Amino acid sequence: MSADAKYENPVEEFLRTDRLPHVWCSGCGIGTTVNCFARAVKDCGIPLEEIAVVSGIGCTGRVAGYLKLDSVHTTHGRAIAFATGLKLAKPDMHVVVYSGDGDLSGIGGNHLIHAARRNLDITVILVNNLTYAMTGGQVTPTAPHESIATTTPYGVFEDNFNLPYLVAACGASYVARWTAYHVVQLKKAMVEALNKKGFSFIEILAPCPTIYLRRNKLGAATDELKYYKEHCVIQNGADPKDVGIDLLRPDKIIIGKFVDIDKPDYITAMNEHLSKKLGDKYVPWGV
Amino acid sequence: MAEIRYTTADPKGVLTGVHYMDGNHAACEGALAAGCRFAAGYPITPSTEVVERFAARIPTVGGVFIQMEDEIASSICLQGGAWAGLKAMTVTSGPGLSLMMEHISLAACLETPCVFVDVQRGGPSTGLPTLPGQADMQQVRWGAHGDYEIIAIAPSTVQECFDFIIDAFNLAEMFRVPVFFMMDECVGHMTEKLVIPKAEEIKVVERRFTTKPPEEYLPYKPDEDLVPEFPYVGKGYKFHVTGLTHDERGYPVINAEAQHEMCWRLVNKIKKNAPKIWKYEEDQVEGADVVVLSYGISARVSIKAIEMAREKGVKVGLMRLITVWPFPSPRVKEIASNVKAIVVPELNIRGQVAREVERVTAGTTNVVRVPHAGGTVHDPEVILEAIMEAAK
Chain G
1 MSADAKYENP
11 VEEFLRTDRL
21 PHVWCSGCGI
31 GTTVNCFARA
41 VKDCGIPLEE
51 IAVVSGIGCT
61 GRVAGYLKLD
71 SVHTTHGRAI
81 AFATGLKLAK
91 PDMHVVVYSG
101 DGDLSGIGGN
111 HLIHAARRNL
121 DITVILVNNL
131 TYAMTGGQVT
141 PTAPHESIAT
151 TTPYGVFEDN
161 FNLPYLVAAC
171 GASYVARWTA
181 YHVVQLKKAM
191 VEALNKKGFS
201 FIEILAPCPT
211 IYLRRNKLGA
221 ATDELKYYKE
231 HCVIQNGADP
241 KDVGIDLLRP
251 DKIIIGKFVD
261 IDKPDYITAM
271 NEHLSKKLGD
281 KYVPWGV
Chain H
1 MAEIRYTTAD
11 PKGVLTGVHY
21 MDGNHAACEG
31 ALAAGCRFAA
41 GYPITPSTEV
51 VERFAARIPT
61 VGGVFIQMED
71 EIASSICLQG
81 GAWAGLKAMT
91 VTSGPGLSLM
101 MEHISLAACL
111 ETPCVFVDVQ
121 RGGPSTGLPT
131 LPGQADMQQV
141 RWGAHGDYEI
151 IAIAPSTVQE
161 CFDFIIDAFN
171 LAEMFRVPVF
181 FMMDECVGHM
191 TEKLVIPKAE
201 EIKVVERRFT
211 TKPPEEYLPY
221 KPDEDLVPEF
231 PYVGKGYKFH
241 VTGLTHDERG
251 YPVINAEAQH
261 EMCWRLVNKI
271 KKNAPKIWKY
281 EEDQVEGADV
291 VVLSYGISAR
301 VSIKAIEMAR
311 EKGVKVGLMR
321 LITVWPFPSP
331 RVKEIASNVK
341 AIVVPELNIR
351 GQVAREVERV
361 TAGTTNVVRV
371 PHAGGTVHDP
381 EVILEAIMEA
391 AK
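Line by line, the protein sequences give chains G and H.
In this text, residue positions in the first sequence follow my numbering: the first is 1, and each later residue adds one.
In this text, residue positions in the second sequence follow my numbering: the first is 1, and each later residue adds one.
Please keep in mind that the hints were generated in silico from the structure rather than gathered at the bench.
Here the structure is a predicted model, which is why all the values come from computation and not from measurement.
Take these hints with a grain of salt, some might be off.
[As the list claims (entries may be wrong)] Heads up, simulated DSS-like pairs for lysine-lysine below, C-alpha to C-alpha not over 30 Å straight-line:
1) Lys281(G) / Lys333(H)
2) Lys188(G) / Lys238(H)
3) Lys203(H) / Lys281(G)
4) Lys68(G) / Lys221(H)
5) Lys212(H) / Lys42(G)
6) Lys197(G) / Lys235(H)
7) Lys68(G) / Lys212(H)
8) Lys241(G) / Lys226(G)
9) Lys193(H) / Lys281(G)
10) Lys188(G) / Lys235(H)
11) Lys12(H) / Lys276(G)
12) Lys281(G) / Lys198(H)
13) Lys277(G) / Lys12(H)
14) Lys340(H) / Lys312(H)
15) Lys235(H) / Lys42(G)
16) Lys42(G) / Lys238(H)
17) Lys68(G) / Lys333(H)
18) Lys68(G) / Lys276(H)
19) Lys272(H) / Lys193(H)
20) Lys304(H) / Lys277(G)
21) Lys238(H) / Lys197(G)
22) Lys238(H) / Lys6(G)
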């Protein structure tokens, strides 16, 4: 192979290459998820200009800045509320919220449950690295018992969120969990979520080697991926109430597609309801 | 350069005719006439009638209303609507406004054209939910973190709730800035005659959409008037915008130079264009010994006191601020050099506008505060007393 051989990254056209290098640490799982997302965007059949990405704040919150799509980097926890406005005002857009566990389930938890309840037709991709990494490793609502964080120096004693259960209970149309190891399944799930009418939610377990794994003495990023490989069990259709992760290193983590149902999304329901109530006077929205 | 594009109101949103209506409903009708087609709100007294009417009207006009889970959500949801290309507003009162602060800063930073309606009530905290105040005037100017400038407009009558909220939307589009429509409980709930003109008589400003193709477009490259052009969502512009300090490309740049460039432009686009924004009304200011400077419901109450003072032979004028921020400093300075005193009645006790009068007049005249903690309007006798004392 000659030294000047040109290598083309197959997802380069979906990235803002003028912004590279990115901010993420080596071994961080977020980049892997972005790679999967770029491939999903390529394969989903939706024209690129019809996809918008909205992020909150944090390491995963930086995703919007690297994707060559209409993209908005908003405030901490409020990406879903911004996305709600964007989607309602321009219903033909496929709006993706891409952010972290602290951003979406901590400070932004209220917007997560209400968007799921409304069955708003957006896709939420939540990268769960079990920590507020950007600010140096504080505890998040997803961190399991005994996790060491800067704000839980003696370990976590609170119960944590089982996010698939929470979002499913609120009424989401599509709920899945994958990991940064399961890239083939993750990309496939992203394609499904992008094309799903209604609220679609994917939780992705991803290693944070610099902060979470190091502080909890759980090894390197590769150890975490090996752990995902050996201990994740794919159970499509599993009851979300059974998929909680409340130990640092449980023997079994259930992953897969837990919910995939069809029901009217927010705008469809609004149009149907108001047409029924107002008849010809109603100006249908986004149709 | 994207020129300011004026058009006339879309007749679908205009309820032409003579009405008997309260200020909150009139503000909603004004918003619809201005082309507002997206509103996100959360219930709060005494403002809720604005969005209640919007929720009832918008399905037959063509647009969306959503009641969000809280004011934090409303104040960014409307920005999602605005970035999608629609004219958008949210409506609130003091406690809700306090919750919205972070997104006022975001709107200033992203340069989101949008309108925040604040029907002011007495504070602090839950305060007087059903009674008037004018104590949010400094909060909208300085309340959120960082350096930025906003526009604030204060109506005094039901007719002005209609007329001036159209100005609010137009200014938001012209300068890509959050505009605050500073009503109060009295103006919001008083019912009086409202004349809604024909759609073709209502001038509205269109979004400053870029005329450049995507490959030439930069989200924060300003035009000559320091305002950048707006991108289309969903048309391949693939723009990026962020609340981080950013350059013309919209990309985050975390250093002092980028910060200097961005903050000064956010401030200067309002400061340097202020003469195009200022709106105020004067009555018998020339030759006056004393001028009453006020705004909103307090200006209206002042008229009674001014009439009583004139009957007593005092030469007293009125300067009524319609634009409160940016503050019309040159004119106030000019008036100060010709009068014995400027009397400032307002429904707050720390002189939220009076201290600005004191600052810009810098001791060249006597500034007399007429503070009132809110809960009702001033007794005109109290304002009269201040005028008589100042005229001595």
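Hints the structure fails to honour: 1, 17, 18, 19, 20
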